[in-house]
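Undergrad: Chain residues, written in single-letter form:
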Amino acid sequence: MSAVMNTPTASTPKKTGSMMSSPYFTSLVTVALLVVLLVAGGAAYPGFLSVQVMLNLLIDNAFLLVIAVGMSFVILSGGIDLSVGSVLALTTMVSAWMLQTWHAPPVLVIGVSLAIGAGFGAAMGAIIHYFKLQPFIVTLAGMFLARGLCYLISINSISIEDPFFVAMSQTQIPLGEEAFISPGALIAIVMLVGAIYVAHCTPFGRAIYAVGGNEQSALMMGLRVARTKILIYAFSGFCAALAGVLFSFYMLSGYGLHAQGTELDAIAAVVIGGTLLTGGYGYVAGALSGVLVLGTIQTLIAFDGTLSSWWTKIVIGGLLFIFCVVQRLMAMGAAKK
Amino acid sequence: MHSPVKPLGGHAVASAPTNSFVSMIVQHHLFRPLAALALLLLVDLLLIPGFFHVEIKDGHLYGSLIDIANRAAPLILAAIGMTLVIATRGIDISVGAVVAISGTVASTMIGGTMVMNNGVPEYVANTPMVWAICAAMGAALLCGAWNGFLVARMGLQPIVATLILMVAGRGLAQLMTDGQIVTVYYQPFFFLGSGYLFGIPFSLYIVAAVFIVTFLLMQKTALGLFIQSVGINPVAARLAGIKTAVLIFFVYVFCGACAGVSGLMISSNIKSADANNAGLLLELDAILAVTLGGTSLAGGKFSLAGSVIGALIIQTLTYTIYSIGLPPEVNMVVKSAVVFLVCISQSAEFKNMWRRAFPARKKGNAQ
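Going down the list, the protein sequences come from chains A and B. The letter at position 246 of the first sequence is residue 246 when you use our numbering, and the numbering goes up by one with no holes. The letter at position 300 of the second sequence is residue 1300 when you use our numbering, and the numbering goes up by one with no holes.
The shape of chain B in the complex, shown without the other chains (with noise of 0.2 Å):
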């Protein structure tokens, strides 16, 4: 198999019986998520008319492809989070809930007062913006050490560790909000979720930043390979001298932050907190843009650029089912689908099926 911290290179297929180019391009990870973008952009481009038209409007650029990468940011902040979780064989189910806290913190100390500026109404911030979004992330990552304690120190399950935050987070939240949806007044606020630099969503630039970051860390560090062997085999990792406890409790520190960045987002995207609804099901799109993305649940092998198509794909569909006149409610529907042929795909007993069912197929290659 490849190996995904090097997934440029195709040359780790030495077991497939044939070298050439196309099954280099059909073995490398990243072609069946490519291949299933690629597929769903085509249907857009025969059923929605106008879908890759990308004209320039008030100084910005806007069409239905900005708009998909735009809404599709905070889904994939949450997803880099996650692969690096699922990687070392965890899962984090707090995400959603992570957002709400965040957004709520941020969008409390923000709020917004109007005062009268020579004449004219204005809204100024509660508490320094800097300060609010700070606070923000300050509470997302201390949710993220939370559960990084409880995994890493305790050795609870991930699963049920982060259900407890799961449950109480939106509890908390609504704490602060006394259980009604905060609004925020405050332009500046805005221009995190819903603003443009230089012509593209300033979201994107974040999310950029944070793909850079993270795959640089994971490529050009030796951290990429150690997470990669936490979620292989967590005990050998221990024996080779990996401090596992510590790996393991960055990544629910950097899931948290993810999650943070993602909640400060959706909240200002919204201009409000809703404690009860925001990123509701975000830590099951985010886990379901990870598998899509051709990382398995079971850890091990992953890859950050396969997260962000897997979002980017998930966006994407609900973008096409809305456009094409489906009733939202199809939407579910399809995901779940979407999910039973990706995960059936990718197990190896289907593997094994397939080749025990067009044997002649593959052997016609080998020749």
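If we strip away everything but chain A, and leave its shape as in the complex, we get (with noise of 0.2 Å):
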């Protein structure tokens, strides 16, 4: 992968090169594949392109962006994070609890699962760097600890009647005249775009990119690589944790079996968001153009009605094919040149 770098001025000098060899290419593309689908679902479903249908969106997918903006964190580093979505679900189950046997006031649940959720990232990014062990296998027994965590706790669901939980969950912030918006999608957006400021624009955002690109690199550049290491995936575990809570105020209640496979929805929305799998390369804003393409996908499947919810599986498996191929040959191409 040396032929990629983070920087545009890798490019060729000839035109058509250096469009294709940039690194906003395939975030482009992305973004124009979203356009397409939102388009094609106008022209074939009434409706479909209102403002709100859009903010569903954003309602809908809020805990995923949270996730997916952890995750491009942990992939730019070169890792992989397999716990999120057992997080998340501890996250729920940890508040209902705390909230139905204690009372306790949302503030502190809140803070007290961020603090769950960032403590265990942290332990295993601890882990994964400290004993040089995949991130994999490390995030994958994170993954079972937190399912089997949640099932200690109760193996039901819980409900949430916490009036501040409920008054979250059903809050709409207008937005001009006929639109709202919710506040856990607000968080999210907030989340964006303090992570992406956070990636572009400080050392500790250059040291990720740096330790995604080159881990022994950055080690001999003098970046302390193991601070970066664990943060990393302590922020990851605090994003799932975050969007546990926005999935909590979502859903009202806590569940062991929440969220199944919202690593894997991650992940895949991280990928088509242009971010290489390889480290070192990528935009966390892609996050956010992967996650609408997850939804848009969705809500296309939803509008049409007859297509069954497995076709999202298969679609969404179809498009990580061709953007991981499409990569792949992008990548082959500049290694040629």
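Simulated from the structure, these hints should not be mistaken for laboratory data. Here a beta-carbon is modelled for each residue, glycine too, at the ideal position from N, C-alpha and C. Heads up, some of the hints might be wrong.
Stated by the list, open to error - Here are the in silico distance ranges between beta carbons for each label pair:
(1) A:W102 <-> B:Y1322: 27 to 33 Å
(2) A:S217 <-> B:T1183: 53 to 59 Å
(3) B:L1197 <-> A:V36: 56 to 62 Å
(4) A:G119 <-> B:I1324: 28 to 34 Å
(5) B:K1351 <-> A:Y24: 41 to 47 Å
(6) B:T1183 <-> A:G194: 50 to 56 Å
(7) A:H103 <-> B:F1191: 52 to 58 Å
(8) B:G1241 <-> A:L329: 26 to 32 Å
(9) B:M1024 <-> A:S157: 52 to 58 Å
(10) A:R227 <-> B:V1330: 32 to 38 Å
(11) A:W102 <-> B:Y1205: 54 to 60 Å
(12) B:V1246 <-> A:S157: 48 to 54 Å
(13) A:R227 <-> B:F1191: 55 to 61 Å
With the hints in hand, could you dock these two chains into one complex?
TA: Written out as structure tokens, the structure is:
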């Protein structure tokens, strides 16, 4: 992957070549795909292109967006985090349990949840770094652990009746005349903007790209690799926990089976958003376009009404395939030049 | 270090300070997994009355040990396939989806229609069972070939390449069954997953056959060495004249085939095809079994016997948790704790720490 660089200056002088090998390209392809999907949807179904349908995309996928932002950081650093879906479920479970048994104040509940998520991630990051273990297997164990802990709390779904959570779930912040957005979606967007700033404008963000590009070089450059890696996984855990909080706003329940397979959706969203799984290459903003593409496909299938839900899986699999192959072909093309 | 291609030759431990019989056993790569399994069985012996009791009921063996072996069969098969994939530095997370696909193909083709034969209701297969099994295996091989093509030819990262099938595979299986659970009524099909031959579960014969064939292929031909060299250094292996792409393609097809057989077994055992839940998380258990068996996820050295033991450890653990009355939910927590412990204890960093912490003991041994 040495031919793939983080900066647009790596492109060749040839016009089309420079466009193709620019890091913007895959991200732009996703945006173009999104536009095509939306236009196709608008042509096929009246009312599809309304502002509210677009905002619903964000509202329904707010938790996925937050997870995908955390996952972007992990993947940019060359790692992977399979535990996010389980951490989300654990967060909903812990929140629901604290609210039900202790009637703890919501602020405390949310604070504790976020701390658990960040701590969980940091612990995994430390194990990955200090024992030089593969992120895949460590986060896999973390995935089992978090799900198992959910079931230890309760195997049944616990409903949330706390007034604050109910209010957050029902509040509609009006945008313009007829459209509205949920507080959860707003939080997700704030998170995304913050993450973009961190990734592209801070030393920490540059360290992530450096570690993802080549960990050995990053270490030799004097970057604090250990701190960076642990922080990345802590951030991913934090994002998963925040997504859990948003999810419990959305579902008003805690359940060990919540968000099964979300880690795969998040990885798919990040890959479709143009981030390379080898690390060091891509944009955090790609998470948004990736999540929106997945959401649009789901909405299209829901609008159609005759297609069954499994088509979502097949289409997402197909998209993943196309994106991976295109990325690969581009990387091979760049390597030849 | 020892060479797992010759697992019985403990002689390769020349770097170790001692050569005594005890250290030879301790250094053997199957020591840890076997010790773990023995420990688990010891716990069972103490806590579960009659755990080792095996009796003959209705003409076949019956007991906890037989039950564990029978239930572990699909996992062992998946783990054998996964071992070779992991040995080439790869990973196949689509195993569960392939299990669902092969089970669905077989079940939908066999189905079973009731006909009256001299006043006795009888179920006949919609398609001859042989064809159905061939079709299921064909589908599984196709899935494996697809993964192999993406990894070996397109050069995709194994985890991404197989992620595609993992996401889409269950969708395809659901498409075939229209989202329903297809029930099989045809008796002979059940033999595969729950039948007995000479008093022993039939599935164990399949597992034994697959294991012996694979083991011999790896031991008696150069294939094992080639696979190992691809895992240790793919570039060097290619420069040394090994057709790495063909080998990598082969291991994914093999893994697909193993998953296919295991899918047939599972659907035969539950007498239906459940596209949503058949083989759910099987890939993770298979990876876990391989890791427990002492094969590093970084590729290279591998041990088929270790993976089989790893699969047995997982199944025994599950059985133990159920039997001693712990809530089944504890299973996942225990499993994850085991993974953490095993992975950390296998890492070079931990071994260094251990050596630094207990230098005296090491010296004492050397004298």
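Undergrad: Can you tell me whether the CB distance of B:G1241 to A:L329 sits inside 26 to 32 Å?
TA: holds, 28 Å
Undergrad: Per the hint of 52 to 58 Å, is the separation of the Cβ atoms of B:M1024 and A:S157 within bounds?
TA: Hint holds: Cβ distance 54 Å, inside 52 to 58 Å.
Undergrad: The hint says 55 to 61 Å between A:R227 and B:F1191; measuring C-beta to C-beta, is that right?
TA: holds, 59 Å
Undergrad: Is 53 to 59 Å respected by the C-beta to C-beta distance linking A:S217 and B:T1183?
TA: holds, 58 Å
Undergrad: Within 54 to 60 Å or not, the Cβ separation of A:W102 and B:Y1205?
TA: holds, 56 Å
Undergrad: Could you see if the CB distance from B:V1246 to A:S157 stays within 48 to 54 Å?
TA: Between B:V1246 and A:S157, where Cβ atoms are some 50 Å apart, the hint holds.
Undergrad: Is 50 to 56 Å respected by the C-beta to C-beta distance linking B:T1183 and A:G194?
TA: holds, 52 Å
Undergrad: Determine whether the Cβ-Cβ distance between A:W102 and B:Y1322 falls within the hinted range of 27 to 33 Å.
TA: holds, 32 Å
Undergrad: Note whether the CB distance of A:G119 and B:I1324 lies within 28 to 34 Å or breaks it.
TA: Holds, since A:G119 and B:I1324 (Cβ atoms, about 31 Å apart) stay within the stated range.
Undergrad: Taking the CB of A:H103 and the CB of B:F1191, does the distance hold inside 52 to 58 Å?
TA: At roughly 57 Å between Cβ atoms, B:F1191 and A:H103 fall inside 52 to 58 Å, so the hint holds.
Undergrad: Honestly, do A:R227 and B:V1330 meet the 32 to 38 Å range at C-beta?
TA: holds, 35 Å
Undergrad: Quick one: are B:L1197 and A:V36 within 56 to 62 Å, going by C-beta?
TA: holds, 57 Å
Hint check: no violations occur; every hint is consistent with the structure.
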